[in-house]
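Modelling step: build the complete structure from the supplied sequences, incorporating the hints.
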Amino acid sequence: MTDAALPLWAEITIAVLVLAGAAIALLGSWGLLRLQTYFERVHAPSIIATMGCWCIMHGTIVYFSLQGEGLALHSLLIALFVAITVPVTNIFLMRAALFRARRTGSDVPPSLSRSTASVERDS
Amino acid sequence: MLVLAMVLALVRMLKGPSAQDRVLALDCMYLNGMLLALVLGIHYGSSAYFEGALLIALFSFVGTTAMAKFLLRGEVIE
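Line by line, the protein sequences are chains A and B.
Taking numbering that gives the first Met the number 0, the leading residue of the first sequence gets 0, the next gets one more, and so forth.
Taking numbering that gives the first Met the number 0, the leading residue of the second sequence gets 0, the next gets one more, and so forth.
Bear in mind the hints are in silico, worked out from the structure with no lab data behind them.
Note that beta-carbon positions come from the ideal geometry of N, C-alpha and C, so glycine has one too.
A short list of chain A residues far from chain B (calculated; beta carbon distances all over 12 Å):
id : residue
1  : P6
2  : L7
3  : G104
Cβ-to-Cβ under 7 Å is the rule here; a few derived chain B residues that face chain A:
id : residue
4  : Q19
5  : D20
6  : L23
7  : C27
8  : L37
9  : V38
10 : T63
Facing chain B, according to a computed beta carbon distance under 7 Å, are these residues of chain A, among others:
id : residue
11 : V17
12 : L31
13 : V41
14 : P44
15 : A48
16 : I55
17 : H73
18 : I77
19 : F80
20 : V81
21 : T84
22 : T88
23 : A95
24 : A96
25 : F98
So this is what it looks like as structure tokens:
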């Protein structure tokens with residue numbers, strides 16, 4: 000459990016940050032469940048990776064900086080890692096979804112960068 | 000709220016109409032689990048949960064990239 004050594008403003012700040020992050024995560028998952036098509040759904044978890052992750056990370060930094068001695072910035076590592084890797088995975092997933100939608104003949108825009116040679120090789 | 004978010008992502012993963020929906024929902028569950036590990040680290044006042052969160056983030060990136068590559072090509076290593 001958290002000890003009572005923290006001042007009141009720190010507890011309020013940490014609670015607000017963590018609750019805001021959790022609410023944003025809930026909102027992102029709710030959007031993942033509610034939106035209709037896949038290309039709308041792929042945007043919903045991005046808000047968890049940006050706003051939710053940064054809110055909870057700032058709460059963690061405030062808590063561990065006041066708990067131990069010195070500035071505890073190791074949570075920033077997680078946020079930076081997530082901020083780097085999540086666009087990469089999103090781009091991979093969207094490219095895979097577009098590729099599969101083209102293979103099944105859905106109504107998606109045609110491939111621009113990858114020319115007909117790769118399409119012929121893939122199909 | 001984070002557990003509820005994980006449950007919502009799990010529902011999408013179980014009923015997802017296509018494979019990329021399931022992969023996306025699994026990625027979302029990884030994110031929620033990572034945030035849950037950080038919040039548990041605050042709650043119990045130990046920084047040991049930080050390594051767990053970092054490992055979850057790492058596995059999330061590797062797993063999602065591998066599965067997206069699999070959906071794109073049909074094989075992971077080519």
